[in-house]
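Trainee: One letter stands for each residue in the lines below.
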Amino acid sequence: MLPYVIAGLALGALYALSGVGLVLLYRATGVLNLAYGAVGALCALVGWELNQSRGLPLELGILIMILLTVTVNVLYGVLVAPLMAHRSAVVQATATLGLALACLGIANWYWTDKARALRLPTDALRFEVFGVAISSTQALSVLLVLVVAAVATWLLRVTRWGTNMRALAADRELTSLLGVSVRKIEVLAWGLSGVLAGVSAVLLASLTLFSAGWLTFLVIPALAAALVGRLRSLWGTVAGGITIGLAESLLAPVSGLAQFRSAAPFVIAIAVTVWHARKRTYAMRPSL
Amino acid sequence: MKGLKVMWENRAKSGLTIGLLAGGLWALAIPMAVDDYWLRILTTSVIYVVVAAGVGLLFSRLGIVSLNQIALMGVGGWVFLRLSYLLDAVPGMLIMCLAGLATMGIGVLIGLPSLRLSGLSLAVVTLMFAAFAEIVFTSIGFPTGNNGWRGEPAPGETSVAIPSPAFAESNTGLWFYVVITTTLMLLLLWVFLTGRWGRAWAAIKQSEPGAASIGIHVTSSKVTALAVVSFTTGVSGALLAVPTGSLVSQSFSAISSIILFAVVLIGGAFSIVGAVLAGLLFVALPPALEALVARIPVVLDLLGPTFNNLIYVAFGIGLIQSLIASPRGIAGDLAGVGVRLRRAQRWPLDPSDAVFAFSVLVVPPLSLALLDLSLAVDVVAAIWISLWLVHPLRTLWPSRSPRGIALIGIAVGILIGALGFLAGPWICLLAALLVVVSVNFLRKRLARRLVKMDEELASEGIHA
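Read top to bottom, the protein sequences are chains A and B. For the first sequence, my numbering gives the first residue as 522, with consecutive numbering after it. For the second sequence, my numbering gives the first residue as 6, with consecutive numbering after it.
No wet-lab data here; the hints were simulated from the structure. You may find that some hints are simply not true.
[What the hints assert, rightly or not] Ranges between beta-carbon positions, derived for each pair: (1) A/Arg637 <-> B/Asp377: 44 to 54 angstroms; (2) B/Asp40 <-> A/Val526: 55 to 65 angstroms; (3) A/Pro642 <-> B/Thr143: 30 to 40 angstroms; (4) B/Ala299 <-> A/Leu730: 28 to 38 angstroms; (5) B/Met37 <-> A/Gln573: 51 to 61 angstroms; (6) A/Lys635 <-> B/Gly200: 47 to 57 angstroms; (7) A/Arg637 <-> B/Leu25: 31 to 41 angstroms; (8) B/Gln326 <-> A/Glu694: 19 to 29 angstroms; (9) B/Val303 <-> A/Asp644: 40 to 50 angstroms; (10) A/Val668 <-> B/Gly200: 56 to 66 angstroms; (11) B/Thr143 <-> A/Val775: 43 to 53 angstroms; (12) A/Gly700 <-> B/Gly200: 46 to 56 angstroms; (13) A/Gly777 <-> B/Arg300: 48 to 58 angstroms.
[Unchecked claim] So these bits of chain B aren't anywhere near chain A, every CB distance computed over 12 angstroms: (14) Met98; (15) Gly250; (16) Val456.
Just so it is clear, CB atoms sit at the ideal spot from N, CA and C, and this is done for glycine as well.
Can you build the whole structure from these sequences, using the hints too?
Mentor: Quick look at the structure:
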């Protein structure tokens, strides 16, 4: 049982990390980035290519890859997203599907949808707790999500940048009227989200499967985690991500359900949505 | 019902008649014009037209982004196959309706909770359902026999395909079967769109609180839209199973739901023409590109064998472009060209005119069906030129009688057609282009001269 719990915690932590990246961007700019997984996948493939065929050291490849996710994200955030800033949240989210399709298309064209292996140096460093071997990639993932969630909470709640971000998400025009440099905030938010996308793509590729299609759709458990946090609460997202990861992992040894375990995010997200919808009905009743 | 009657009596009637007539003619012409391979591909495209129309309806009328339509199609197909093995004697159309009803139930169940929250959560939840359905379809598979709830044949038994309806056994018969069912589904959507519900949806699109204040139940209106669209989507999923009597889970991946959404926006979410374009882009574009690239080895060498994935890039960019710059898609842009032509009076006739409809919608399919390709191009070019010439000639010779002008137009058209007949369709198109350019040039010079004459008259104190 314990090995499954460990694996589930690590997986869940990575879902949570992606979820935090999504929520951070959504709270800062009002865009739910559905291309989160696809951008990470494409850039991870570029990093892998640099390492494998161009002989760059792995660390440098990963660094370039993270820089690349930041670049793609910032370019989208600066060039495309503002054109839709006045549209509804669902239209802005739908537009990011276009980015996802484009990234997935390029990845499948150049690298095909073959699964690859990405070995990180941290994979080899293993230690034992209660007789269970834990790789330091797994430990790193759990640690990372806690640190990132704490830092992101601090950033959004305490700093001036965070206040500006929340203002921007609430009303772009009013924020710019108040003298906040909207473009700068957007670059920061998209860039931070890009860093998280890159990091979680590398870790997920190493812990699960390294293929463009797979990584693209890993945005779904991350979205489910974000929905658990109602796209607002960072710690709710962390809790949601870890729950989903644990559920997926603990279902693996159950025969009959094992093949459906990737459906866990959907089931949990639907359950949470129904729960929220129940509350909302009461709030809405007087107006409808 | 009263609203329906009013719509029927007004403009929608002529639009519907022209649409049905032209659609019917195209439907008759296509099996005669293309070979079996392309007929099968076009048949599949027509099935997807209904799904595209549903996605378009939800997005354009209600702003609902539903990313699970292909998965719902799979649900419809699955239920259809399962029931077909269970109920041997029941006619296929009835089973299709049952499959549609089952899909409707599931579509509403997914949509209902998140509809109450926000459009964004509906989009996210439907995307999740698409991924969930992909997992379920790959692990349980589609029914291929008649044992157990999964409908899988027992070990040792062979799988049986569902027999097609008697008249749908040939490719052409299948084409008409699909076209008729599709038309019925589109008419169902049309009835809802032009009736009471359609007006409720229009009010909700304007303002949700406003709609609620005039007594429209917002949630149930939205749920009705989801229900109707899910029903038609389920039926088209069942229709997809008819040609081979079986389905494979690869057809219902989550990414294809996203691609369908993209092509609907590119084709145009507001109209049936857009849905037809979306169906063609979704199904027929990849094989068409493959056929094209196979002929050009340079491109194949340059792009490699996986070049078809680059279509995703085009669709992705197209999706963003449609959302930002062209909300009505290609179909809307085409309609816009028609309106602009009419305003500039380049086109001799009102586009809603019967003659226009005849020349654009009726003549090309008929000539494609009855003649071979090069002759069809000649005939269409000849007729278009004679129609187009009417207006410019009238400005060139204002004194000539309309009948004389029509005769000149027809004579030029016949000349061009004959030229094409003798020298090939490319020469014909070239000649037609030449006529258009030179007549336009003449007209502009004449117009300038007329303006100058006007000014001279005005300077002499005479007002024309």
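Trainee: Each hint: holds or not?
Mentor: For each hint, the structure was consulted:
Taken as a hint, the range 44 to 54 angstroms holds for the pair arginine 637 of chain A and aspartate 377 of chain B, whose Cβ atoms sit roughly 51 angstroms apart. A hinted range of 55 to 65 angstroms holds for the C-beta pair aspartate 40 of chain B and valine 526 of chain A, which are about 60 angstroms apart. Between proline 642 of chain A and threonine 143 of chain B the Cβ separation comes to about 34 angstroms, which falls inside the hinted range of 30 to 40 angstroms. At roughly 33 angstroms, the beta-carbon separation of alanine 299 of chain B and leucine 730 of chain A lies within the given 28 to 38 angstroms, and the hint holds.
At roughly 54 angstroms, the beta carbons of methionine 37 of chain B and glutamine 573 of chain A sit within the given window of 51 to 61 angstroms. Judged by the Cβ atoms, the range 47 to 57 angstroms given for lysine 635 of chain A and glycine 200 of chain B holds: they are separated by roughly 51 angstroms. Arginine 637 of chain A and leucine 25 of chain B have their C-beta atoms about 53 angstroms apart, which leaves the hinted 31 to 41 angstroms range violated. Look at glutamine 326 of chain B against glutamate 694 of chain A: about 24 angstroms separates their beta carbons, and that is inside 19 to 29 angstroms.
Between valine 303 of chain B and aspartate 644 of chain A the beta carbons are some 44 angstroms apart, a value that agrees with the proposed interval 40 to 50 angstroms. The beta-carbon spacing between valine 668 of chain A and glycine 200 of chain B, approximately 57 angstroms, falls within the hinted interval of 56 to 66 angstroms. Our hint of 43 to 53 angstroms for threonine 143 of chain B and valine 775 of chain A is violated, since their Cβ atoms are close to 19 angstroms apart. The given range of 46 to 56 angstroms is respected by glycine 700 of chain A and glycine 200 of chain B, whose C-beta atoms sit roughly 51 angstroms from each other.
Take glycine 777 of chain A and arginine 300 of chain B: their Cβ atoms lie about 51 angstroms apart, and the range 48 to 58 angstroms holds. The beta carbon of methionine 98 of chain B is kept farther than 12 angstroms from every beta carbon of chain A, the shortest such distance being approximately 33 angstroms. With a closest Cβ-Cβ approach of about 26 angstroms to chain A, glycine 250 of chain B is found to remain outside the 12 angstroms limit, as its non-interface label requires. Even its closest Cβ contact with chain A, about 41 angstroms, leaves valine 456 of chain B beyond 12 angstroms, as expected for a residue assigned away from the interface.
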